[in-house]
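Asker: Each chain, letter by letter, is given below.
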Amino acid sequence: MILLVTGMVAACGGTPTPNEATSTKNTPTEVAPRAVAVKQAHGIPMGSFDELEYLFHLDTDTTYIINFWATWCKPCVAELPYFEQLTAAYADQPVKVRLISLDFPKQIESRLLPFIEKNQLQSEVWVLDDPDANSWIDKVSPQWSGAIPATVVYRRDQRGFWEQSFESYEELNTIVKPFIKN
Amino acid sequence: MKQFLVMLIGLALLGTGMTACSTASNEEGNAEATTTSEADVNVNQAPEAQAVAVNNEADQLTGYQVGDKATDFKLMGTDDKEHSLGDMADVKGYVITFTCNHCPYSVLYEDRLIDFHNAYAAKGYPVIAINPNDPRVQPEDSIELMKERAKEKSFPFLYLFDEGQAIYPQYGATRTPHVFLLDKDMVVRYIGAIDNNAREASAVTEKYLEKAIEALEAGQQPDPNFTKAVGCTIKAKKS
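Those protein sequences? They're chains A and B, same order as listed.
Just so you know, we're using my numbering here: the first sequence kicks off at 1 and counts up by one.
Just so you know, we're using my numbering here: the second sequence kicks off at 183 and counts up by one.
What the hints contain is simulated information worked out from the structure, not anything from laboratory work.
All values derive from a computational prediction rather than experimental measurement.
Check before you lean on any hint, since a few could be wrong.
For lysine-lysine, the following DSSO-like pairs were computed, each having C-alpha atoms within a straight-line distance of at most 27 Å [what the hints assert, rightly or not]:
1) B/Lys251 with B/Lys274
2) B/Lys335 with B/Lys389
3) B/Lys329 with B/Lys419
4) A/Lys106 with B/Lys335
5) A/Lys139 with B/Lys389
6) B/Lys393 with A/Lys139
7) A/Lys106 with B/Lys389
8) B/Lys333 with B/Lys263
Examples of chain B residues toward chain A, derived with CB under 8 Å [as the list claims (entries may be wrong)]:
9) Asn378
10) Glu382
11) Ala383
Residues from chain B that keep clear of chain A, each with C-beta distances beyond 12 Å, as calculated [said to hold, decoys possible]:
12) Val248
13) Asp254
14) Lys263
15) Pro286
16) Glu330
17) Ala332
18) Ala385
Ideal Cβ positions, reconstructed from N, Cα and C, are used throughout, including at glycine.
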């Protein structure tokens, strides 16, 4: 699968995207635990909730910070710099920020890629393409009403959920810190 | 289907790389409703300058549950008149929909709400749209711009403004759009989404709201009586 992804990115050449340019950051580093081939759209991994659900249950020492956002969501965009700061601050530690975009597939090329490029996003960006939100919101967290932004932090069985915006890096880091393995 | 496509792309790639690309890009070309932008904001700008809404968890806990009796309100509409539920004659229920101008998900449902009202108001279930956002946080949601939007789209339903934001926390609305179906006694009978596909009306397979009203008409409990959907946070005034 990794070969195939690499092949696709290479084969699709054309306009270079930030995700291709920073492929070490944005290429999924874990292989799905079952035979799921995560589709790529313009170099961005994209899937239904079923296809991406494993991202919420990886049994490793890594602390995962998963943020639901979209380019059209003002409070989401406002807090992205803090997630980027997390990625930078914990670059040498087992900490991974994943930005799960709810931008619609047809907006990937027109909005999402330009946004990633303009802001030079370093955190991994994924696209969740699954309109039947009622079927998967509770699987992310029963506490989630569906409003974005929303953030999951977990490491193994330790898990937290926040349906809110973070107003500073410190506020975000305060909730992340207790999850990080020392 | 998706797995098949991925396989197909993979196979094509092994043979002719370029064919795979055109397959992939055609697949991306599916038409969808265009959404408006909530934010054209550079992420590197000083975040302090951005409007940030914090969703208060307490609001969710104190909001209505199915079975609760809703309290009435008096809110100004885009018709420059104040409206209360109690003023409405000959109704069998109220389709209270927290929605707004700016949110792309609200915009995606505008036409469906219009059709819904046109089909169900005559049966006794009018749509009552309420904008819960603070226009100081979200300028597109001011009463003036609500009036403009109502006119542009010829909203056949009431479009009210929750000025002071006292009503949406009572209901426990957390996002736009967010529907609360009340029966004629103002008892909450259904909370949640309009249907199961915001993006594409033609791809809807579950019309939750319509089903809930049909259940009430048949003297039954709506099932499901609670659903969730992706939406925009309600923009609360900054303390």
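Asker: Need the list of violated hint numbers for this structure, in ascending order.
Answerer: The structure conflicts with hints 11, 15 and 18, although it agrees with all the remaining ones.
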